Amino acid sequence: MTELKLPSIDYAALAPTLIMLGAALLGVLVEAFVPRRLRHVVQLSLALLAVLAALTMVVLAADERSITIGGAIAVDGPTLFLQGAILVLAAMALLLIGERSVERGGAFVAQAAVTAESADDRRQAEGKNGLTEVYPLTTFAIGGMLIFVAANDLLTMFIALEVFSLPLYLLCALARRRRLLSQEAALKYFMLGAYASAFFLFGVALVYGFTSGVPGRPAGVDFATVHAAVADSPASPVLLFAGMALLAIGLLFKAAAAPFHVWTPDVYQGAPTPVTAFMAACTKVAAFGALLRVFHVAFDGARWDFTPVLGAVAVLTMLIGAVLAVTQTDIKRLLAYSSIANAGYLLVGVLAPSADGVSGTMFYLVAYGFSVLAAFAVVTLVRDADGEATHLSRWAGLGRRSPFYAGIFTFILLAFAGIPLTSGFTSKFAVFGPALDGGQAWLVIAGVLTSMVLAFPYLRVVVMMWLSEPGESTPTVAVPGGLTSAALMIGVIATLVLGVAPAPLLDLATGAAEFVR
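At position 408 of the sequence shown the residue is numbered 408 (our numbering), and the sequence of numbers has no breaks.
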(Lines of atoms letter the chains of each structure in order from A and count residues from 1; the text may use other names and numbers.)
(Lines give C-alpha, C1' and ligand atoms only; values in the text may rest on other atoms or scores of the structure.)
Protein backbone atom coordinates (compact mmCIF):
# COMPACT_ATOMS: atom_id res chain seq x y z
CA MET A 1 0.00 0.00 0.00
CA THR A 2 1.43 3.34 -1.07
CA GLU A 3 1.75 5.87 1.72
CA LEU A 4 0.07 9.19 0.98
CA LYS A 5 2.57 12.00 1.40
CA LEU A 6 1.18 15.51 1.76
CA PRO A 7 3.15 18.42 0.30
CA SER A 8 4.90 20.75 2.71
CA ILE A 9 3.33 24.18 3.13
CA ASP A 10 5.28 27.31 4.03
CA TYR A 11 2.58 29.31 5.79
CA ALA A 12 4.86 32.31 6.36
CA ALA A 13 5.44 32.62 2.62
CA LEU A 14 1.68 32.36 2.01
CA ALA A 15 0.78 34.81 4.79
CA PRO A 16 -0.05 37.83 2.56
CA THR A 17 -2.54 35.81 0.52
CA LEU A 18 -4.03 34.12 3.59
CA ILE A 19 -4.49 37.49 5.31
CA MET A 20 -6.37 38.99 2.34
CA LEU A 21 -8.62 35.97 1.82
CA GLY A 22 -9.25 35.76 5.57
CA ALA A 23 -10.20 39.44 5.65
CA ALA A 24 -12.59 38.85 2.75
CA LEU A 25 -14.32 36.04 4.65
CA LEU A 26 -14.52 38.25 7.76
CA GLY A 27 -16.04 40.95 5.58
CA VAL A 28 -18.83 38.55 4.59
CA LEU A 29 -19.53 37.93 8.30
CA VAL A 30 -19.52 41.68 8.95
CA GLU A 31 -22.27 42.05 6.35
CA ALA A 32 -24.32 39.44 8.20
CA PHE A 33 -23.88 40.54 11.81
CA VAL A 34 -22.79 44.21 12.06
CA PRO A 35 -25.55 46.88 12.09
CA ARG A 36 -25.91 48.68 8.75
CA ARG A 37 -24.94 52.09 10.10
CA LEU A 38 -21.54 50.78 11.24
CA ARG A 39 -20.65 48.59 8.29
CA HIS A 40 -18.90 51.20 6.17
CA VAL A 41 -16.37 52.13 8.86
CA VAL A 42 -15.85 48.53 9.95
CA GLN A 43 -15.44 47.17 6.42
CA LEU A 44 -13.09 49.94 5.25
CA SER A 45 -10.97 49.62 8.39
CA LEU A 46 -10.84 45.83 8.04
CA ALA A 47 -9.79 46.02 4.38
CA LEU A 48 -7.09 48.64 4.99
CA LEU A 49 -5.72 46.80 8.04
CA ALA A 50 -5.60 43.56 6.05
CA VAL A 51 -3.69 45.26 3.23
CA LEU A 52 -1.26 46.79 5.74
CA ALA A 53 -0.74 43.43 7.50
CA ALA A 54 -0.22 41.62 4.19
CA LEU A 55 2.27 44.27 3.04
CA THR A 56 4.16 43.86 6.32
CA MET A 57 4.43 40.12 5.71
CA VAL A 58 5.70 40.74 2.16
CA VAL A 59 8.43 43.02 3.54
CA LEU A 60 9.39 40.48 6.23
CA ALA A 61 9.67 37.76 3.55
CA ALA A 62 11.95 39.87 1.35
CA ASP A 63 14.75 37.28 1.35
CA GLU A 64 12.47 34.26 0.88
CA ARG A 65 13.14 32.16 -2.22
CA SER A 66 11.17 28.91 -2.28
CA ILE A 67 8.56 26.80 -4.03
CA THR A 68 5.81 25.52 -1.76
CA ILE A 69 2.50 23.59 -1.76
CA GLY A 70 3.86 20.85 -3.98
CA GLY A 71 5.18 23.26 -6.59
CA ALA A 72 1.96 25.29 -6.90
CA ILE A 73 3.30 28.57 -5.49
CA ALA A 74 6.69 30.20 -6.11
CA VAL A 75 7.94 32.81 -3.65
CA ASP A 76 10.80 34.72 -5.28
CA GLY A 77 11.87 38.26 -6.11
CA PRO A 78 9.23 39.00 -8.79
CA THR A 79 6.48 37.45 -6.62
CA LEU A 80 7.30 39.59 -3.60
CA PHE A 81 7.88 42.78 -5.60
CA LEU A 82 4.62 42.42 -7.52
CA GLN A 83 2.64 41.43 -4.42
CA GLY A 84 3.98 44.52 -2.67
CA ALA A 85 3.01 46.66 -5.67
CA ILE A 86 -0.53 45.19 -5.76
CA LEU A 87 -1.00 45.84 -2.04
CA VAL A 88 0.27 49.44 -2.12
CA LEU A 89 -1.85 50.31 -5.16
CA ALA A 90 -4.86 48.45 -3.69
CA ALA A 91 -4.60 50.55 -0.52
CA MET A 92 -4.86 53.70 -2.65
CA ALA A 93 -7.82 52.23 -4.54
CA LEU A 94 -9.55 51.36 -1.27
CA LEU A 95 -9.23 54.99 -0.21
CA LEU A 96 -11.10 56.01 -3.37
CA ILE A 97 -13.68 53.25 -2.88
CA GLY A 98 -14.26 54.32 0.72
CA GLU A 99 -14.78 58.04 -0.05
CA ARG A 100 -18.28 59.24 0.82
CA SER A 101 -17.93 62.99 1.19
CA VAL A 102 -17.45 63.82 -2.51
CA GLU A 103 -20.80 62.24 -3.34
CA ARG A 104 -23.31 61.61 -0.59
CA GLY A 105 -23.49 57.88 0.02
CA GLY A 106 -20.41 57.13 -2.11
CA ALA A 107 -19.94 55.98 -5.69
CA PHE A 108 -21.85 52.70 -5.28
CA VAL A 109 -25.52 51.85 -5.58
CA ALA A 110 -27.44 51.52 -2.32
CA GLN A 111 -29.30 48.38 -3.46
CA ALA A 112 -27.85 46.28 -6.26
CA ALA A 113 -31.19 44.66 -7.17
CA VAL A 114 -32.98 47.97 -7.82
CA THR A 115 -34.28 48.32 -11.39
CA ALA A 116 -32.23 50.79 -13.41
CA GLU A 117 -33.96 54.09 -14.29
CA SER A 118 -36.89 53.31 -11.98
CA ALA A 119 -38.29 55.61 -9.29
CA ASP A 120 -36.47 53.54 -6.64
CA ASP A 121 -33.25 53.92 -8.59
CA ARG A 122 -33.65 57.70 -8.68
CA ARG A 123 -34.33 57.80 -4.94
CA GLN A 124 -31.24 55.75 -4.06
CA ALA A 125 -29.13 58.01 -6.28
CA GLU A 126 -30.07 61.00 -4.13
CA GLY A 127 -27.88 59.93 -1.24
CA LYS A 128 -28.67 56.62 0.42
CA ASN A 129 -25.55 54.94 1.76
CA GLY A 130 -23.89 52.74 -0.82
CA LEU A 131 -23.35 49.00 -0.62
CA THR A 132 -20.62 47.87 1.75
CA GLU A 133 -20.38 44.47 0.04
CA VAL A 134 -17.84 46.15 -2.24
CA TYR A 135 -15.15 45.72 0.44
CA PRO A 136 -15.18 41.90 0.72
CA LEU A 137 -15.45 41.73 -3.08
CA THR A 138 -12.39 43.97 -3.39
CA THR A 139 -10.38 42.02 -0.83
CA PHE A 140 -11.25 38.73 -2.57
CA ALA A 141 -9.98 40.29 -5.82
CA ILE A 142 -6.76 41.41 -4.14
CA GLY A 143 -6.22 37.93 -2.70
CA GLY A 144 -6.70 36.39 -6.13
CA MET A 145 -4.18 38.80 -7.63
CA LEU A 146 -1.60 37.87 -4.98
CA ILE A 147 -1.98 34.19 -5.94
CA PHE A 148 -1.93 35.02 -9.66
CA VAL A 149 1.55 36.58 -9.61
CA ALA A 150 2.89 33.75 -7.40
CA ALA A 151 1.35 30.78 -9.27
CA ASN A 152 3.94 28.22 -10.34
CA ASP A 153 1.62 26.00 -12.32
CA LEU A 154 -1.05 26.74 -14.88
CA LEU A 155 -4.01 25.29 -12.93
CA THR A 156 -3.21 27.41 -9.87
CA MET A 157 -2.94 30.40 -12.19
CA PHE A 158 -6.37 29.62 -13.67
CA ILE A 159 -7.99 29.34 -10.24
CA ALA A 160 -6.40 32.66 -9.21
CA LEU A 161 -7.64 34.21 -12.46
CA GLU A 162 -11.21 33.30 -11.57
CA VAL A 163 -10.85 34.34 -7.92
CA PHE A 164 -9.98 37.91 -8.84
CA SER A 165 -12.07 38.17 -12.02
CA LEU A 166 -15.49 37.22 -10.62
CA PRO A 167 -15.52 39.99 -7.97
CA LEU A 168 -14.48 42.51 -10.63
CA TYR A 169 -17.42 41.54 -12.85
CA LEU A 170 -19.75 42.28 -9.93
CA LEU A 171 -18.02 45.52 -8.90
CA CYS A 172 -18.39 46.92 -12.43
CA ALA A 173 -22.20 46.70 -12.16
CA LEU A 174 -22.54 48.65 -8.91
CA ALA A 175 -22.31 52.29 -10.00
CA ARG A 176 -24.71 54.61 -8.18
CA ARG A 177 -25.51 56.67 -11.27
CA ARG A 178 -25.87 55.66 -14.93
CA ARG A 179 -26.95 52.21 -13.85
CA LEU A 180 -27.69 50.89 -17.34
CA LEU A 181 -24.22 51.88 -18.54
CA SER A 182 -22.69 50.22 -15.50
CA GLN A 183 -24.66 46.99 -15.96
CA GLU A 184 -23.84 46.90 -19.66
CA ALA A 185 -20.14 47.28 -18.84
CA ALA A 186 -20.31 44.43 -16.32
CA LEU A 187 -22.11 42.13 -18.76
CA LYS A 188 -19.59 42.80 -21.54
CA TYR A 189 -16.69 42.24 -19.18
CA PHE A 190 -18.22 39.01 -17.87
CA MET A 191 -19.04 37.55 -21.29
CA LEU A 192 -15.68 38.36 -22.84
CA GLY A 193 -13.86 37.35 -19.65
CA ALA A 194 -15.59 33.97 -19.71
CA TYR A 195 -14.40 33.41 -23.28
CA ALA A 196 -10.86 34.43 -22.31
CA SER A 197 -10.90 32.03 -19.36
CA ALA A 198 -12.07 29.23 -21.67
CA PHE A 199 -9.18 29.93 -24.05
CA PHE A 200 -6.77 29.83 -21.11
CA LEU A 201 -8.16 26.49 -19.90
CA PHE A 202 -7.93 24.95 -23.38
CA GLY A 203 -4.33 26.15 -23.51
CA VAL A 204 -3.62 24.40 -20.20
CA ALA A 205 -5.00 21.15 -21.65
CA LEU A 206 -2.84 21.38 -24.78
CA VAL A 207 0.30 22.19 -22.80
CA TYR A 208 -0.41 19.23 -20.51
CA GLY A 209 -0.59 17.01 -23.56
CA PHE A 210 2.70 18.39 -24.82
CA THR A 211 4.48 17.54 -21.54
CA SER A 212 3.62 13.83 -21.76
CA GLY A 213 6.51 11.66 -22.82
CA VAL A 214 9.32 13.77 -21.34
CA PRO A 215 12.03 11.30 -20.26
CA GLY A 216 12.05 10.81 -16.50
CA ARG A 217 9.11 13.17 -15.83
CA PRO A 218 5.36 12.60 -15.53
CA ALA A 219 3.09 14.93 -17.47
CA GLY A 220 2.14 18.11 -15.61
CA VAL A 221 1.42 21.80 -15.89
CA ASP A 222 3.89 23.09 -13.30
CA PHE A 223 6.41 25.45 -14.86
CA ALA A 224 9.44 23.21 -14.22
CA THR A 225 7.80 20.36 -16.15
CA VAL A 226 6.71 22.67 -18.96
CA HIS A 227 10.22 24.15 -19.17
CA ALA A 228 11.72 20.66 -19.41
CA ALA A 229 9.16 19.65 -22.05
CA VAL A 230 9.98 22.68 -24.22
CA ALA A 231 13.59 21.51 -24.27
CA ASP A 232 13.08 17.76 -24.56
CA SER A 233 9.52 16.65 -25.42
CA PRO A 234 8.99 14.16 -28.26
CA ALA A 235 5.42 15.45 -28.69
CA SER A 236 4.39 17.52 -31.68
CA PRO A 237 5.39 21.19 -31.37
CA VAL A 238 1.93 22.06 -32.72
CA LEU A 239 0.59 21.24 -29.25
CA LEU A 240 3.11 23.62 -27.70
CA PHE A 241 2.44 26.51 -30.06
CA ALA A 242 -1.34 26.12 -29.90
CA GLY A 243 -1.21 25.90 -26.09
CA MET A 244 1.00 28.96 -25.85
CA ALA A 245 -1.35 30.90 -28.14
CA LEU A 246 -4.45 30.02 -26.12
CA LEU A 247 -2.73 30.82 -22.82
CA ALA A 248 -1.56 34.14 -24.24
CA ILE A 249 -5.13 35.04 -25.25
CA GLY A 250 -6.33 34.59 -21.67
CA LEU A 251 -3.48 36.64 -20.22
CA LEU A 252 -3.47 39.36 -22.89
CA PHE A 253 -7.21 39.85 -22.34
CA LYS A 254 -6.56 40.77 -18.71
CA ALA A 255 -3.64 42.97 -19.77
CA ALA A 256 -5.93 44.85 -22.24
CA ALA A 257 -3.63 44.14 -25.19
CA ALA A 258 -4.91 44.26 -28.79
CA PRO A 259 -6.77 42.59 -30.36
CA PHE A 260 -8.22 41.47 -26.99
CA HIS A 261 -8.78 45.04 -25.79
CA VAL A 262 -12.31 45.70 -27.00
CA TRP A 263 -13.86 45.42 -23.53
CA THR A 264 -11.60 48.07 -22.02
CA PRO A 265 -13.17 51.41 -23.11
CA ASP A 266 -16.74 50.34 -22.34
CA VAL A 267 -15.85 48.82 -18.98
CA TYR A 268 -13.66 51.76 -17.92
CA GLN A 269 -16.44 54.17 -18.83
CA GLY A 270 -19.33 52.25 -17.26
CA ALA A 271 -17.78 50.95 -14.04
CA PRO A 272 -17.75 53.10 -10.88
CA THR A 273 -14.64 55.29 -11.20
CA PRO A 274 -12.93 53.90 -8.05
CA VAL A 275 -13.33 50.38 -9.49
CA THR A 276 -11.97 51.58 -12.84
CA ALA A 277 -8.93 52.96 -10.99
CA PHE A 278 -8.49 49.66 -9.13
CA MET A 279 -8.63 47.70 -12.37
CA ALA A 280 -6.33 50.06 -14.27
CA ALA A 281 -3.62 49.80 -11.61
CA CYS A 282 -3.87 46.42 -9.86
CA THR A 283 -5.27 44.19 -12.61
CA LYS A 284 -2.50 45.36 -14.93
CA VAL A 285 0.15 44.47 -12.33
CA ALA A 286 -1.39 41.01 -11.88
CA ALA A 287 -1.74 40.35 -15.62
CA PHE A 288 1.81 41.36 -16.51
CA GLY A 289 3.20 39.56 -13.46
CA ALA A 290 1.64 36.36 -14.81
CA LEU A 291 2.89 37.08 -18.35
CA LEU A 292 6.43 37.55 -17.04
CA ARG A 293 6.35 34.27 -15.13
CA VAL A 294 4.77 32.23 -17.94
CA PHE A 295 7.09 33.43 -20.70
CA HIS A 296 10.29 33.81 -18.67
CA VAL A 297 9.98 30.59 -16.65
CA ALA A 298 7.76 28.05 -18.43
CA PHE A 299 8.29 28.92 -22.11
CA ASP A 300 11.71 30.53 -21.96
CA GLY A 301 13.14 27.81 -24.25
CA ALA A 302 10.70 28.80 -27.01
CA ARG A 303 11.65 32.47 -26.98
CA TRP A 304 12.63 32.50 -30.66
CA ASP A 305 9.17 31.21 -31.54
CA PHE A 306 6.93 33.50 -29.46
CA THR A 307 8.89 36.77 -29.60
CA PRO A 308 7.88 37.74 -33.18
CA VAL A 309 4.20 37.01 -32.49
CA LEU A 310 4.06 38.83 -29.15
CA GLY A 311 6.12 41.63 -30.69
CA ALA A 312 3.48 42.07 -33.39
CA VAL A 313 0.81 42.10 -30.67
CA ALA A 314 2.80 44.78 -28.82
CA VAL A 315 3.06 47.00 -31.92
CA LEU A 316 -0.64 46.54 -32.71
CA THR A 317 -1.54 47.36 -29.10
CA MET A 318 0.55 50.54 -29.07
CA LEU A 319 -0.86 51.62 -32.44
CA ILE A 320 -4.52 51.01 -31.57
CA GLY A 321 -4.19 52.63 -28.15
CA ALA A 322 -2.46 55.73 -29.51
CA VAL A 323 -4.55 56.28 -32.64
CA LEU A 324 -7.97 55.64 -31.09
CA ALA A 325 -7.13 57.78 -28.05
CA VAL A 326 -7.02 60.75 -30.43
CA THR A 327 -10.70 60.30 -31.35
CA GLN A 328 -12.12 60.02 -27.82
CA THR A 329 -14.55 62.56 -26.36
CA ASP A 330 -14.88 61.02 -22.88
CA ILE A 331 -12.08 61.32 -20.33
CA LYS A 332 -12.56 57.77 -19.00
CA ARG A 333 -12.47 56.30 -22.51
CA LEU A 334 -9.36 58.38 -23.23
CA LEU A 335 -7.67 56.91 -20.16
CA ALA A 336 -8.82 53.45 -21.29
CA TYR A 337 -7.07 53.77 -24.65
CA SER A 338 -4.08 55.21 -22.81
CA SER A 339 -4.09 52.02 -20.71
CA ILE A 340 -4.16 49.92 -23.88
CA ALA A 341 -1.16 51.78 -25.32
CA ASN A 342 0.71 51.34 -22.04
CA ALA A 343 0.03 47.61 -22.23
CA GLY A 344 1.92 47.66 -25.52
CA TYR A 345 4.90 49.43 -23.92
CA LEU A 346 4.88 46.89 -21.09
CA LEU A 347 4.95 44.03 -23.61
CA VAL A 348 8.18 45.52 -24.97
CA GLY A 349 9.69 45.00 -21.51
CA VAL A 350 8.28 41.47 -21.26
CA LEU A 351 9.96 40.54 -24.55
CA ALA A 352 13.37 41.95 -23.59
CA PRO A 353 15.59 38.83 -23.23
CA SER A 354 17.25 39.77 -19.95
CA ALA A 355 16.67 40.34 -16.26
CA ASP A 356 16.75 44.08 -16.99
CA GLY A 357 13.58 43.64 -19.03
CA VAL A 358 11.87 42.00 -16.05
CA SER A 359 12.99 44.74 -13.65
CA GLY A 360 12.04 47.51 -16.10
CA THR A 361 8.57 46.02 -16.56
CA MET A 362 8.03 45.77 -12.80
CA PHE A 363 9.18 49.38 -12.34
CA TYR A 364 6.83 50.50 -15.14
CA LEU A 365 3.87 48.73 -13.50
CA VAL A 366 4.42 50.55 -10.20
CA ALA A 367 5.00 53.96 -11.79
CA TYR A 368 1.98 53.66 -14.06
CA GLY A 369 -0.20 52.41 -11.20
CA PHE A 370 0.48 55.48 -9.07
CA SER A 371 -0.18 57.85 -11.99
CA VAL A 372 -3.40 56.23 -13.18
CA LEU A 373 -4.86 56.11 -9.66
CA ALA A 374 -4.15 59.83 -9.27
CA ALA A 375 -5.76 60.51 -12.67
CA PHE A 376 -8.99 58.73 -11.76
CA ALA A 377 -8.99 60.44 -8.36
CA VAL A 378 -9.19 63.78 -10.18
CA VAL A 379 -11.94 62.42 -12.46
CA THR A 380 -14.07 61.62 -9.38
CA LEU A 381 -13.89 65.29 -8.34
CA VAL A 382 -15.04 66.97 -11.57
CA ARG A 383 -18.81 66.87 -11.11
CA ASP A 384 -22.14 68.49 -11.72
CA ALA A 385 -25.63 67.78 -10.38
CA ASP A 386 -25.80 64.51 -12.35
CA GLY A 387 -22.51 63.16 -11.02
CA GLU A 388 -19.13 62.99 -12.71
CA ALA A 389 -18.75 65.16 -15.81
CA THR A 390 -16.60 62.96 -18.02
CA HIS A 391 -17.30 64.42 -21.48
CA LEU A 392 -14.19 66.29 -22.61
CA SER A 393 -16.17 69.35 -23.70
CA ARG A 394 -17.19 69.83 -20.07
CA TRP A 395 -13.53 70.15 -19.03
CA ALA A 396 -13.03 73.27 -21.17
CA GLY A 397 -11.93 76.18 -18.97
CA LEU A 398 -11.37 73.98 -15.91
CA GLY A 399 -7.97 75.60 -15.39
CA ARG A 400 -9.63 78.97 -14.84
CA ARG A 401 -12.25 77.58 -12.48
CA SER A 402 -10.00 75.26 -10.45
CA PRO A 403 -6.34 75.85 -11.30
CA PHE A 404 -4.97 73.61 -8.53
CA TYR A 405 -6.68 70.41 -9.65
CA ALA A 406 -6.29 71.28 -13.32
CA GLY A 407 -2.58 71.69 -12.62
CA ILE A 408 -2.41 68.27 -10.95
CA PHE A 409 -4.22 66.64 -13.87
CA THR A 410 -1.92 68.40 -16.32
CA PHE A 411 1.11 67.00 -14.48
CA ILE A 412 -0.35 63.47 -14.61
CA LEU A 413 -1.10 63.78 -18.34
CA LEU A 414 2.47 64.95 -18.96
CA ALA A 415 3.66 61.86 -17.06
CA PHE A 416 1.50 59.67 -19.32
CA ALA A 417 3.08 61.41 -22.31
CA GLY A 418 6.56 60.51 -21.03
CA ILE A 419 7.84 64.03 -20.41
CA PRO A 420 11.21 64.09 -18.54
CA LEU A 421 11.20 64.57 -14.75
CA THR A 422 8.05 62.44 -14.47
CA SER A 423 7.72 58.72 -13.81
CA GLY A 424 6.38 58.23 -17.34
CA PHE A 425 9.75 59.12 -18.85
CA THR A 426 11.83 56.92 -16.55
CA SER A 427 9.46 53.96 -16.89
CA LYS A 428 9.54 54.06 -20.70
CA PHE A 429 13.33 54.31 -20.56
CA ALA A 430 13.34 51.30 -18.20
CA VAL A 431 11.56 49.05 -20.72
CA PHE A 432 12.95 50.46 -23.99
CA GLY A 433 16.60 50.28 -22.86
CA PRO A 434 16.72 46.48 -22.27
CA ALA A 435 14.70 45.88 -25.45
CA LEU A 436 17.22 47.89 -27.48
CA ASP A 437 20.12 46.02 -25.88
CA GLY A 438 18.39 42.73 -26.69
CA GLY A 439 18.10 43.48 -30.41
CA GLN A 440 14.45 44.54 -30.35
CA ALA A 441 15.02 47.93 -31.97
CA TRP A 442 11.85 47.61 -34.08
CA LEU A 443 9.73 47.48 -30.93
CA VAL A 444 11.49 50.51 -29.47
CA ILE A 445 10.98 52.51 -32.68
CA ALA A 446 7.27 51.61 -32.67
CA GLY A 447 7.08 52.61 -29.00
CA VAL A 448 8.68 56.00 -29.57
CA LEU A 449 6.53 56.80 -32.61
CA THR A 450 3.26 55.81 -30.92
CA SER A 451 4.28 57.78 -27.80
CA MET A 452 4.49 60.88 -30.01
CA VAL A 453 0.99 60.19 -31.39
CA LEU A 454 -0.37 59.51 -27.91
CA ALA A 455 0.96 62.84 -26.64
CA PHE A 456 -1.57 64.66 -28.85
CA PRO A 457 -4.79 63.68 -26.97
CA TYR A 458 -3.09 64.44 -23.66
CA LEU A 459 -1.99 67.88 -24.82
CA ARG A 460 -5.42 68.52 -26.32
CA VAL A 461 -6.96 68.07 -22.85
CA VAL A 462 -4.32 70.37 -21.35
CA VAL A 463 -5.01 73.07 -23.95
CA MET A 464 -8.76 72.68 -23.44
CA MET A 465 -8.45 73.10 -19.67
CA TRP A 466 -6.15 76.12 -19.72
CA LEU A 467 -6.79 78.06 -22.94
CA SER A 468 -10.58 77.83 -23.14
CA GLU A 469 -12.96 80.10 -21.32
CA PRO A 470 -15.20 78.37 -18.75
CA GLY A 471 -18.78 78.18 -19.92
CA GLU A 472 -22.10 77.60 -18.25
CA SER A 473 -21.65 73.86 -18.62
CA THR A 474 -18.16 73.81 -17.08
CA PRO A 475 -18.55 71.72 -13.91
CA THR A 476 -17.15 72.53 -10.51
CA VAL A 477 -14.43 70.53 -8.79
CA ALA A 478 -15.74 69.02 -5.57
CA VAL A 479 -13.77 69.49 -2.39
CA PRO A 480 -12.14 66.08 -1.85
CA GLY A 481 -12.57 64.21 1.39
CA GLY A 482 -9.62 63.01 3.39
CA LEU A 483 -9.50 59.60 1.69
CA THR A 484 -9.46 60.98 -1.86
CA SER A 485 -6.96 63.67 -0.84
CA ALA A 486 -4.62 61.03 0.58
CA ALA A 487 -4.82 58.84 -2.54
CA LEU A 488 -4.31 61.85 -4.82
CA MET A 489 -1.37 63.16 -2.81
CA ILE A 490 0.35 59.75 -2.77
CA GLY A 491 -0.13 59.31 -6.52
CA VAL A 492 1.18 62.75 -7.45
CA ILE A 493 4.19 62.59 -5.10
CA ALA A 494 5.10 59.11 -6.37
CA THR A 495 4.82 60.28 -9.99
CA LEU A 496 7.20 63.14 -9.25
CA VAL A 497 9.67 61.20 -7.10
CA LEU A 498 9.90 58.29 -9.54
CA GLY A 499 10.67 60.79 -12.28
CA VAL A 500 13.30 62.75 -10.37
CA ALA A 501 14.88 60.02 -8.22
CA PRO A 502 13.90 56.59 -9.58
CA ALA A 503 17.10 54.82 -8.49
CA PRO A 504 15.85 53.28 -5.20
CA LEU A 505 12.84 51.60 -6.82
CA LEU A 506 14.86 50.61 -9.90
CA ASP A 507 17.51 49.04 -7.66
CA LEU A 508 14.79 47.21 -5.72
CA ALA A 509 13.26 45.93 -8.97
CA THR A 510 16.68 44.89 -10.31
CA GLY A 511 17.44 42.95 -7.13
CA ALA A 512 14.05 41.22 -7.36
CA ALA A 513 14.20 40.27 -11.05
CA GLU A 514 15.32 36.64 -10.67
CA PHE A 515 12.74 33.83 -10.85
CA VAL A 516 13.06 30.50 -9.07
CA ARG A 517 12.39 27.34 -11.08
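Read the hints as simulated data drawn from the structure, not as lab findings.
Please read all numbers here as calculations on a predicted model, not as lab measurements.
A portion of the hints provided could be inaccurate.
[Claimed, not checked] Below, computed lysine to aspartate or glutamate pairings styled on DMTMM-like, alpha-carbon distance capped at 20 Å: (1) 128 to 103; (2) 128 to 31; (3) 188 to 330; (4) 188 to 103.
Evaluated hints:
1. 128 to 103: Given that 20 Å is the threshold and the Cα spacing comes to 10 Å, the pair holds.
2. 128 to 31: Distance ~17 Å between residue 128 and residue 31 Cα, so the pair holds.
3. 188 to 330: 19 Å, holds
4. 188 to 103: With Cα atoms ~27 Å apart, residue 188 and residue 103 exceed 20 Å; violated.
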